[in-house]
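Participant: Sequence:
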Amino acid sequence: MISLLMSLTLMLSLFAPVASANTKKDQDAKDKSVHVQIVLFDGFDLLDALAPYEVFAAAGMYSGGKVTVELVSAEGKRSVPSGLNGPSLEAQGAIDPARSGIIVVPGASGKPAGKSEDSIPNILKQAKDTALTSMMKQALNNKEVTVVTVCGGSLVLAMGGLLKDRYAVTNQIGMGALGALGAIPVDARIVEDTPRLVTAGGVTSGLDVALYLVEREVGPQIANAIEKLFEYERRGTVWQATGIAPIHFEADQPRQGQ
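Under my numbering, the residues of the sequence shown are numbered 1 to 258, in order.
Hints are computed from structural coordinates only; laboratory data are not their basis. As the structure is a computational prediction, the values presented were derived from the model and not from experiment. We treat Cβ as the ideally placed atom computed from N, Cα and C, and that holds for glycine. Accuracy of the hints is not assured; some may be wrong.
To be verified - Derived lysine-lysine pairs resembling BS3-like cross-links, with alpha carbons at most 25 Å apart:
1) 164 / 32
2) 137 / 125
3) 125 / 111
4) 137 / 164
5) 111 / 143
6) 128 / 77
7) 115 / 128
8) 143 / 128
9) 77 / 115
10) 66 / 115
11) 143 / 32
12) 66 / 228
13) 164 / 143
14) 111 / 66
15) 125 / 66
16) 111 / 128
17) 77 / 66
18) 125 / 115
19) 77 / 137
To be verified - Label pairs and their calculated CB-CB ranges:
20) 249 / 93: 30 to 36 Å
21) 81 / 61: 17 to 23 Å
22) 144 / 93: 17 to 23 Å
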């Protein structure tokens, strides 16, 4: 009996630190609040911006206000037209790169290629030429900010020289351009270069990256509740430069005997 009691005491002493750590982690999640700024610029893609907006708004609802979200622009409060002659959204204020939280940069909506005024490359370049680039540089230098891009948003940052030698992803049609601009393209739906720089691929990946960040910042229970509400489950593994790298087998390797 004494031996049994000693064994139980030892087991409890081993589990106590783990239980204490889990309790602290849960308490930190409950105490944490996150503010999200979603950037708008002329010609932005509606789904790139609104899909994350709805996820973060739902996170705020389910968490009792622990997550807040607003639409912003480099110029401040204004009506911002979306691409393809789409509707305008009202930016509530200016981007604040000094405010802790998350800043989401969407891509553009327009013709996939070409040099016309309504082409995606031209719209992204125009966005890059605004104060957005300097503001995002400040945000990337702020240890309290996570910079997130959806679709062509990573190209805006790359055009401004902000993604040099950093892992990133964009829409498949822009992966070559992303590499040419100095980033390291990764074929994944979501790429986390560091916890403070997360990029997402095509348009619908805005849902996935937002759900990932909700889970990361305020916990899986809130993220699960949003998935049930939206009747949508997050897609794709979040790629990180950790763990064992896969072997890359060349498709054009000679067959045995050749």
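Participant: Each of the hints needs a verdict: does it hold here or not?
Facilitator: These are the hints, each one checked on the structure:
1. Note on residue 164 and residue 32: the hinted pairing is violated, with a Cα-Cα distance of about 32 Å set against a maximum of 25 Å.
2. Between residue 137 and residue 125, the direct Cα distance comes to roughly 16 Å. Compliance with the 25 Å bound is thereby established for this hinted pair.
3. Straight-line distance between C-alpha atoms of residue 125 and residue 111 comes to about 14 Å, which keeps the hinted pair within the 25 Å bound.
4. Among the hinted pairs, residue 137 with residue 164 is consistent with the structure: their alpha-carbon atoms are about 12 Å apart, no more than 25 Å.
5. With a C-alpha separation of about 36 Å, the suggested pairing of residue 111 with residue 143 is violated against the 25 Å cut-off.
6. Proposed proximity of residue 128 and residue 77 is supported: the alpha carbons are some 19 Å apart, at most 25 Å.
7. Annotation: proposed proximity of residue 115 to residue 128 holds, straight-line Cα distance about 16 Å (limit 25 Å).
8. Distance hint between residue 143 and residue 128 is fulfilled; the C-alpha atoms sit about 22 Å from each other, no more than 25 Å.
9. For the suggested pair residue 77 and residue 115, the alpha carbons sit about 29 Å apart, so the restraint of at most 25 Å is broken.
10. For the hint linking residue 66 to residue 115, the alpha-carbon distance of about 43 Å lies beyond 25 Å, and the restraint is violated.
11. A C-alpha spacing of about 16 Å is found between residue 143 and residue 32, which places the hinted pair at or below 25 Å, so the restraint holds.
12. Restraint check: the Cα-Cα separation between residue 66 and residue 228 comes to about 19 Å, which is no more than 25 Å; the hinted pair holds.
13. Using a Cα cut-off of 25 Å, the hinted pair residue 164 and residue 143 holds, with the two alpha carbons roughly 18 Å apart.
14. The hinted pair formed by residue 111 and residue 66 fails the criterion: a straight-line CA distance of about 38 Å is larger than 25 Å.
15. Pair hint residue 125 plus residue 66 does not hold up; C-alpha atoms about 35 Å apart against a cutoff of 25 Å.
16. For a cut-off of 25 Å, the pair hint linking residue 111 to residue 128 stands: about 18 Å separates their Cα positions.
17. Distance restraint check for residue 77 and residue 66: the Cα-Cα separation of roughly 24 Å lies within the 25 Å cut-off, and the hinted pair is therefore satisfied.
18. At roughly 11 Å between alpha-carbon atoms, residue 125 and residue 115 fall within 25 Å of each other, so this suggested pair holds.
19. Straight-line distance between C-alpha atoms of residue 77 and residue 137 comes to about 21 Å, which keeps the hinted pair within the 25 Å bound.
20. Taking 30 to 36 Å as the suggested C-beta distance range, the pair residue 249 and residue 93 does not conform, at roughly 51 Å.
21. Separated by about 28 Å at the C-beta atoms, residue 81 and residue 61 break the suggested range of 17 to 23 Å.
22. Distance hint for residue 144 and residue 93: a CB-CB separation of about 18 Å, consistent with the stated range 17 to 23 Å.
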